[in-house]
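J.: Below are the chains, spelled out letter by letter.
There are 2 protein chains.
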Amino acid sequence: MSLQIIASIREFGGYLNRYSHDSASCHCEMIFSIYLPPQAQNEKVPALYWLSGLTCTDDNARSKAGAQRYAAEHGIALIFPDTSPRGEDVADAERYDLGQGASFYVNATQPPWAGHYQMYDYVSRELPALLEENLPLLAGVKSVSGHSMGGHGALICALKNPSGYRSVSAFAPICNPVNGEWGKTCFTAYLGDDRTTWNAYDATALVEAGARVSDILIDQGTADEFYDEKQLLPESLKAACDKAGQAITLRMQEDYDHSYHFIASFIGEHIAYHARALKS
Amino acid sequence: MSLQIIASIREFGGYLNRYSHDSASCHCEMIFSIYLPPQAQNEKVPALYWLSGLTCTDDNARSKAGAQRYAAEHGIALIFPDTSPRGEDVADAERYDLGQGASFYVNATQPPWAGHYQMYDYVSRELPALLEENLPLLAGVKSVSGHSMGGHGALICALKNPSGYRSVSAFAPICNPVNGEWGKTCFTAYLGDDRTTWNAYDATALVEAGARVSDILIDQGTADEFYDEKQLLPESLKAACDKAGQAITLRMQEDYDHSYHFIASFIGEHIAYHARALKS
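If you read the protein sequences in the order shown, they are chains A and B.
Residue numbering for the first sequence follows my numbering, beginning at 1 and increasing consecutively.
Residue numbering for the second sequence follows my numbering, beginning at 1 and increasing consecutively.
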């Protein structure tokens with residue numbers, strides 16, 4: 001598994017690089033971006049994985065979230081994986097919320113998805129191992145965050161691997177996909193009709209089943225159309241955490257929407273939150 | 001001339017709004033965005049106009065430059081005009097560097113452009129008057145910056161109106177368009193074959209002809225492909241300024257390219273620079 005560099009852009013004294021590689025998990029070529037802060041030129045640095053939402057590639061967050069400035073200040077690398085396997089040989093759907101760009105970060109078990117859609121293994125195991133071997137990242141010192149479908153991805157990665165991540169946060173995450181239309185559509189396609197298999201990828205169900213992390217930070221805008229549509233259901237996760245004694249900070253941000261303008265407004269606080277955990 | 005609000009997005013405690021209006025200069029509907037910082041909810045604030053480059057709309061800089069964070073800190077409004085008139089009735093060209101998205105911020109005199117392409121008047125006169133009448137902006141307290149073709153626009157707006165702008169800066173501006181391929185193509189189309197008319201919209205020629213501003217700040221990346229192609233020619237402007245005794249700070253930024261990642265890296269310093277002038 002070797003990394004091929006596609007592009008390198010200087011930013012805030014560091015470098016925003018894009019790589020491709022053959023993925024053993026997804027059985028296809030995968031593309032990701034990584035921001036290496038200035039500190040990485042002289043030493044290994046901690047890593048924050050950012051999982052993006054529906055329809056995104058590795059480019060959206062790196063171009064719109066305004067995160068690199070804070071990563072440079074704190075000396076943290078940012079990793080931007082793609083949101084699904086891609087290519088002519090990879091199954092897809094006409095709708096935007098299923099298939100390419102919409103993996104939901106699960107390991108699919110159902111045809112035609114199972115062959116390539118192994119994104120849970122890819123983002124939580126294969127990619128960190130690959131990067132820690134080949135780039136100036138501290139081994140095992142990583143945290144995870146994300147937006148919407150990627151916020152869901154961040155939550156399940158941390159809850160399923162409590163020793164694997166130092167901290168977890170999310171922006172407008174899909175907190176209880178088994179009870180939202182997006183989640184039900186995708187989990188049926190990727191995991192089949194047996195809903196008991198869905199709970200392994202549902203943050204609320206994971207907490208109910210006993211999964212624990214040190215803390216959870218979530219920002220949710222009150223003017224978010226998908227919050228209104230009950231796709232996100234942060235109250236379900238909050239209730240499960242409160243019942244289980246799981247620490248969670250759910251901040252309802254008045255009048256903020258679902259866009260990257262919302263993310264940009266609070267990403268600095270999230271990166272500072274992760275920096276405290278990554279450097280403790 | 002009334003403003004129609006199209007969208008309003010909360011960001012960094014303020015609001016990023018998009019408006020449309022009928023332009024008397026361009027004889028068509030124009031769209032722009034404005035970021036009103038939190039301070040504008042209680043008082044009138046200074047304004048920084050941002051002129052974007054080839055192919056951009058009002059959306060590129062507002063989504064990618066990371067400027068709103070600094071505008072909120074300093075209490076400055078950011079105005080993002082479109083880069084040209086648009087619409088089915090507006091002349092256009094197949095190439096990306098002429099016509100819609102490529103006005104060069106001049107008042108065109110030649111058919112088929114002259115009817116709508118009056119962007120110099122639009123950005124330097126009509127739009128500021130409209131906004132100061134309708135939005136919480138301090139009358140006449142404005143500065144200007146921009147990128148590439150928009151950096152050219154910022155320089156000529158300030159040099160042609162030394163009392164109209166408190167300060168001017170630019171990222172990778174086209175400093176001497178009469179001697180670059182982009183500029184020669186567009187000035188021929190918009191202004192005709194008589195090159196003596198071109199000098200009124202060329203920053204280097206304006207300085208040579210006696211135009212003066214208090215100071216000029218320019219950042220230019222050394223890995224910028226358009227710098228290599230001699231489209232930008234910052235050395236020509238620097239030489240003219242040095243000869244004329246015009247203050248200029250030209251910072252060659254090692255290994256930075258022409259992208260918004262370059263802009264994001266230094267926009268905080270530019271906004272701090274403008275804030276000092278706008279609040280003095």
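Think of the hints as simulated: they come from the structure by calculation, not from any bench.
Take these hints with a grain of salt, some might be off.
[As the list claims (entries may be wrong)] Reference excerpt, derived from the structure (chain A facing chain B, CB under 10 Å, subset only): (1) G13; (2) C28; (3) R95; (4) Y96; (5) S163; (6) F226; (7) Y227.
[What the hints assert, rightly or not] Partial pick of chain B residues on the chain A-facing surface, computed with a CB cut under 8 Å: (8) K64; (9) R69; (10) T249; (11) L250; (12) M252; (13) H261.
Small disclaimer: the values here were computed from a predicted structure and weren't measured.
In this text, a Cβ means the ideal position worked out from N, Cα and C, and glycines have one as well.
J.: Against this structure, judge whether each hint is valid.
T.: Against the structure, the hints come out as follows:
1. G13: With a minimum Cβ separation of about 8 Å from chain B (threshold 10 Å), the hint on G13/A holds.
2. C28: violated (28 Å)
3. R95: With a closest approach of 25 Å, the R95/A hint is violated.
4. Y96: Hint on Y96/A: violated, closest Cβ of chain B at ~20 Å, above 10 Å.
5. S163: violated (34 Å)
6. F226: With a closest approach of 15 Å, the F226/A hint is violated.
7. Y227: violated (14 Å)
8. K64: It holds, given that the least Cβ distance between K64/B and chain A is near 5 Å, below 8 Å.
9. R69: Nearest chain A Cβ about 7 Å off; hint holds.
10. T249: At 19 Å from the nearest chain A Cβ, T249/B fails the 8 Å test, so the hint is violated.
11. L250: violated (18 Å)
12. M252: violated (13 Å)
13. H261: holds (4 Å)
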